[in-house]
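All chains should be built: construct the whole structure from the sequences, respecting the hints.
2 protein chains.
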Amino acid sequence: MQFIVEHKEGGARTGKIVSSHGTFQTPAFMPVGTQGTVKAMTSKELETLGAEIILSNTYHLYLRPGIEILRSAGGLHRFMNWDHPILTDSGGYQVFSLSDLRKIDEGGVQFRSHLDGSPHYFTPESVIDIQRHIGSDIMMVLDECTPFPCEKEYAVTSNELTISWARKCQQRFHSSECLYDHQQALFGIVQGPVFADVREHSARILTDMDFEGYAIGGLAVGEPAGQMYEMIEICAGILPQDKPRYLMGVGTPENLLEAIERGVDMFDCVLPTRNGRNAQFFTQNGAINITNARYKDDFTPIDDNCECHTCRNYTRAYIRHLFMVKEILGLQLATHHNLYYYQWLMRSARQAINEGRYFNWKQQQFVKLRNSSYIIN
Amino acid sequence: MQFIVEHKEGGARTGKIVSSHGTFQTPAFMPVGTQGTVKAMTSKELETLGAEIILSNTYHLYLRPGIEILRSAGGLHRFMNWDHPILTDSGGYQVFSLSDLRKIDEGGVQFRSHLDGSPHYFTPESVIDIQRHIGSDIMMVLDECTPFPCEKEYAVTSNELTISWARKCQQRFHSSECLYDHQQALFGIVQGPVFADVREHSARILTDMDFEGYAIGGLAVGEPAGQMYEMIEICAGILPQDKPRYLMGVGTPENLLEAIERGVDMFDCVLPTRNGRNAQFFTQNGAINITNARYKDDFTPIDDNCECHTCRNYTRAYIRHLFMVKEILGLQLATHHNLYYYQWLMRSARQAINEGRYFNWKQQQFVKLRNSSYIIN
Chain A
1 MQFIVEHKEG GARTGKIVSS HGTFQTPAFM PVGTQGTVKA MTSKELETLG
51 AEIILSNTYH LYLRPGIEIL RSAGGLHRFM NWDHPILTDS GGYQVFSLSD
101 LRKIDEGGVQ FRSHLDGSPH YFTPESVIDI QRHIGSDIMM VLDECTPFPC
151 EKEYAVTSNE LTISWARKCQ QRFHSSECLY DHQQALFGIV QGPVFADVRE
201 HSARILTDMD FEGYAIGGLA VGEPAGQMYE MIEICAGILP QDKPRYLMGV
251 GTPENLLEAI ERGVDMFDCV LPTRNGRNAQ FFTQNGAINI TNARYKDDFT
301 PIDDNCECHT CRNYTRAYIR HLFMVKEILG LQLATHHNLY YYQWLMRSAR
351 QAINEGRYFN WKQQQFVKLR NSSYIIN
Chain B
1 MQFIVEHKEG GARTGKIVSS HGTFQTPAFM PVGTQGTVKA MTSKELETLG
51 AEIILSNTYH LYLRPGIEIL RSAGGLHRFM NWDHPILTDS GGYQVFSLSD
101 LRKIDEGGVQ FRSHLDGSPH YFTPESVIDI QRHIGSDIMM VLDECTPFPC
151 EKEYAVTSNE LTISWARKCQ QRFHSSECLY DHQQALFGIV QGPVFADVRE
201 HSARILTDMD FEGYAIGGLA VGEPAGQMYE MIEICAGILP QDKPRYLMGV
251 GTPENLLEAI ERGVDMFDCV LPTRNGRNAQ FFTQNGAINI TNARYKDDFT
301 PIDDNCECHT CRNYTRAYIR HLFMVKEILG LQLATHHNLY YYQWLMRSAR
351 QAINEGRYFN WKQQQFVKLR NSSYIIN
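Note that the protein sequences, when read in sequence, are chains A and B. For the first sequence, the numbering used here gives the first residue as 1, with consecutive numbering after it. For the second sequence, the numbering used here gives the first residue as 1, with consecutive numbering after it.
Hints are computed from structural coordinates only; laboratory data are not their basis. As the structure is a computational prediction, the values presented were derived from the model and not from experiment. One should not assume that every hint holds.
Capping the alpha-carbon separation at 30 Å, the derived lysine-lysine pairs in DSSO-like fashion look like this [unchecked claim]:
{"no.": "1", "chain 1": "B", "residue 1": "Lys16", "chain 2": "B", "residue 2": "Lys362"}
{"no.": "2", "chain 1": "B", "residue 1": "Lys168", "chain 2": "A", "residue 2": "Lys39"}
{"no.": "3", "chain 1": "A", "residue 1": "Lys296", "chain 2": "B", "residue 2": "Lys39"}
{"no.": "4", "chain 1": "B", "residue 1": "Lys39", "chain 2": "A", "residue 2": "Lys326"}
{"no.": "5", "chain 1": "A", "residue 1": "Lys8", "chain 2": "A", "residue 2": "Lys168"}
{"no.": "6", "chain 1": "B", "residue 1": "Lys44", "chain 2": "A", "residue 2": "Lys44"}
{"no.": "7", "chain 1": "B", "residue 1": "Lys326", "chain 2": "B", "residue 2": "Lys296"}
{"no.": "8", "chain 1": "A", "residue 1": "Lys39", "chain 2": "B", "residue 2": "Lys326"}
{"no.": "9", "chain 1": "A", "residue 1": "Lys296", "chain 2": "A", "residue 2": "Lys8"}
{"no.": "10", "chain 1": "B", "residue 1": "Lys8", "chain 2": "A", "residue 2": "Lys296"}
{"no.": "11", "chain 1": "B", "residue 1": "Lys168", "chain 2": "B", "residue 2": "Lys243"}
{"no.": "12", "chain 1": "B", "residue 1": "Lys16", "chain 2": "B", "residue 2": "Lys243"}
{"no.": "13", "chain 1": "A", "residue 1": "Lys8", "chain 2": "A", "residue 2": "Lys326"}
{"no.": "14", "chain 1": "A", "residue 1": "Lys326", "chain 2": "B", "residue 2": "Lys44"}
{"no.": "15", "chain 1": "A", "residue 1": "Lys39", "chain 2": "B", "residue 2": "Lys39"}
{"no.": "16", "chain 1": "A", "residue 1": "Lys16", "chain 2": "A", "residue 2": "Lys168"}
{"no.": "17", "chain 1": "A", "residue 1": "Lys16", "chain 2": "A", "residue 2": "Lys44"}
{"no.": "18", "chain 1": "B", "residue 1": "Lys39", "chain 2": "A", "residue 2": "Lys44"}
{"no.": "19", "chain 1": "A", "residue 1": "Lys44", "chain 2": "A", "residue 2": "Lys326"}
{"no.": "20", "chain 1": "B", "residue 1": "Lys8", "chain 2": "B", "residue 2": "Lys368"}
{"no.": "21", "chain 1": "A", "residue 1": "Lys44", "chain 2": "B", "residue 2": "Lys8"}
{"no.": "22", "chain 1": "B", "residue 1": "Lys44", "chain 2": "A", "residue 2": "Lys39"}
{"no.": "23", "chain 1": "A", "residue 1": "Lys326", "chain 2": "B", "residue 2": "Lys326"}
{"no.": "24", "chain 1": "B", "residue 1": "Lys39", "chain 2": "B", "residue 2": "Lys296"}
{"no.": "25", "chain 1": "B", "residue 1": "Lys168", "chain 2": "A", "residue 2": "Lys44"}
This is the structure in structure tokens:
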């Protein structure tokens with residue numbers, strides 16, 4: 001994997017990452033394909049709307065379809081017919097948010113499947129092995145995702161565990177190989193809730209370990225946005241300039257723009273897809289909920305400025321009808337539009353940085369988005 | 001509307017129908033777009049898979065979004081972004097199958113909405129008015145769809161009512177105009193359960209009334225297939241040769257091929273779409289249920305012979321995974337493939353008729369399909 005920084009404006013930067021399945025531009029937004037599919041999207045549609053890399057979930061893929069089937073398929077790319085980069089998380093987040101009866105020890109984490117209660121044990125080594133089976137271009141280390149709020153003492157202890165797991169993951173990574181004919185990269189994950197010193201410690205140790213990229217995890221879990229931005233600044237100030245930085249699971253358009261300003265290069269979030277399925281559409285002038293009665297005879301597009309398939313072909317009134325009568329096409333059109341919007345946001349941000357006008361452009365976006373109220377769940 | 005018969009082989013025939021929104025070839029299969037959308041399909045995808053005309057439901061559109069919104073949109077074509085022919089049923093079938101507390105009289109039928117229990121009254125005149133608002137290229141008369149089994153006495157009485165409604169529909173049709181800038185045609189509907197003399201009487205009277213086309217209704221409601229084919233033969237023998245014949249709500253691939261042999265030109269059915277959403281895929285060698293465990297590591301397409309987007313891009317193992325984890329994309333890929341298959345079936349039938357080898361080709365298809373067990377509900 002190669003990361004090339006192209007332009008900088010303050011902390012913000014544009015660049016590109018060259019992976020085994022092609023190049024993607026940064027700052028990049030990765031649509032979430034939890035179960036080996038970005039909900040309601042074909043691979044072709046994902047290409048059409050501008051996605052250059054997607055994310056999938058180790059925890060979910062491990063449970064279904066299972067690693068044997070992924071191995072037989074020749075990896076996730078071939079299984080899901082996506083010939084571009086894929087990043088997989090390590091499963092840590094899902095173990096802590098979805099599964100029952102977790103028991104953590106130095107060696108790993110025991111948990112029960114949220115599907116059938118069956119017992120499983122993830123270790124730093126096993127999540128690398130699973131991701132070798134998946135064949136993702138970028139793999140993540142196993143980490144403990146601490147809750148918010150979190151006691152300082154627990155945060156420190158947890159962080160030491162996460163660091164020791166990162167070391168074990170890296171060892172397994174170096175002593176194993178991709179099962180298919182391509183290269184895989186491994187990213188470390190900075191944890192440390194909202195404690196500056198814990199984040200600093202984590203960022204320094206991981207930097208010394210020399211990963212190919214660094215994620216900032218455990219944010220947007222309930223803390224005020226200001227604290228999140230502060231933590232990002234701290235991490236970005238320590239993490240190496242020549243490695244990509246990935247802010248996990250974040251967030252709203254405003255979150256993304258603030259994080260880009262602080263030096264983040266990669267994002268993933270379920271907001272565009274999940275909120276779309278809940279009838280919320282992102283527009284360049286703020287989010288709208290299409291089931292609102294005011295749209296019942298509004299024959300204009302979701303967003304006049306948008307060039308996506310949804311906006312070029314369908315009206316607000318029709319899309320509202322689809323949601324009111326619970327038609328699948330509504331979910332498809334919403335997902336398409338919202339993902340297109342997020343790609344538009346990244347494309348516009350990159351252009352603004354390249355032209356040295358990012359700060360002003362960002363301020364303009366904030367004014368346009370000021371009345372947005374996002375569904376967060 | 002213009003119907004041009006091109007080739008004949010026994011009772012079977014090919015041709016084309018020229019409507020205000022373009023031409024479609026017959027025999028034709030119309031995907032069902034109950035609520036102004038063919039479930040899980042964009043308009044563009046419908047074009048891609050070869051659909052030249054779709055069907056929509058007056059009853060459903062009347063309840064939601066309602067005729068005022070369709071009127072403001074400029075009709076259903078513009079509302080749903082489908083610039084090709086649309087046929088609408090009259091709502092009769094849904095009133096008798098979905099709604100509560102029906103009360104029939106000479107003037108029409110009182111019913112309560114299946115959605116909220118609100119009272120409504122459909123008359124022969126009002127269903128024409130509603131279809132004028134919808135703007136469908138082909139409208140249907142109001143009919144009473146008799147149940148199976150049905151007493152002879154009831155069948156005779158009901159048929160007289162349906163005939164008198166047909167007359168009133170035709171009068172309203174001739175004394176009204178399309179609300180938009182195109183022509184609409186009106187089809188009569190032959191009823192008469194499985195009684196040869198009632199069907200004959202109905203077909204003769206309706207032929208005298210000179211509709212632009214004729215539907216055969218009230219079949220595939222539980223009677224043996226042999227009786228259905230017998231009724232089709234009786235009707236086709238009486239209905240005029242130079243007008244299209246449309247067999248409503250039928251059916252399996254075998255049903256379609258038998259009906260084509262007996263002179264049917266148009267079909268609609270929910271089987272490809274509904275069964276697709278229930279994991280059943282039609283193939284040239286019979287139907288398969290993709291959730292069957294045997295497909296879990298089958299990395300071949302649904303149908304090796306099929307050139308649809310689903311078969312060209314995705315494997316059985318992947319599609320099975322999508323159904324097992326209840327992903328929307330599974331419904332999309334299934335709907336696409338099954339509708340493509342039905343279009344392939346019509347295209348192949350037309351070609352066989354044009355080349356004078358329909359009977360042999362049909363026999364070959366029956367051999368290939370002999371182990372199919374369709375989900376019928």
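Taking the hints in turn, this is what the structure says about them:
no., hint, verdict
1, Lys16(B) x Lys362(B), "21 Å, holds"
2, Lys168(B) x Lys39(A), "49 Å, violated"
3, Lys296(A) x Lys39(B), "20 Å, holds"
4, Lys39(B) x Lys326(A), "10 Å, holds"
5, Lys8(A) x Lys168(A), "34 Å, violated"
6, Lys44(B) x Lys44(A), "14 Å, holds"
7, Lys326(B) x Lys296(B), "15 Å, holds"
8, Lys39(A) x Lys326(B), "10 Å, holds"
9, Lys296(A) x Lys8(A), "45 Å, violated"
10, Lys8(B) x Lys296(A), "48 Å, violated"
11, Lys168(B) x Lys243(B), "21 Å, holds"
12, Lys16(B) x Lys243(B), "11 Å, holds"
13, Lys8(A) x Lys326(A), "46 Å, violated"
14, Lys326(A) x Lys44(B), "20 Å, holds"
15, Lys39(A) x Lys39(B), "16 Å, holds"
16, Lys16(A) x Lys168(A), "29 Å, holds"
17, Lys16(A) x Lys44(A), "22 Å, holds"
18, Lys39(B) x Lys44(A), "19 Å, holds"
19, Lys44(A) x Lys326(A), "25 Å, holds"
20, Lys8(B) x Lys368(B), "25 Å, holds"
21, Lys44(A) x Lys8(B), "41 Å, violated"
22, Lys44(B) x Lys39(A), "19 Å, holds"
23, Lys326(A) x Lys326(B), "16 Å, holds"
24, Lys39(B) x Lys296(B), "26 Å, holds"
25, Lys168(B) x Lys44(A), "50 Å, violated"
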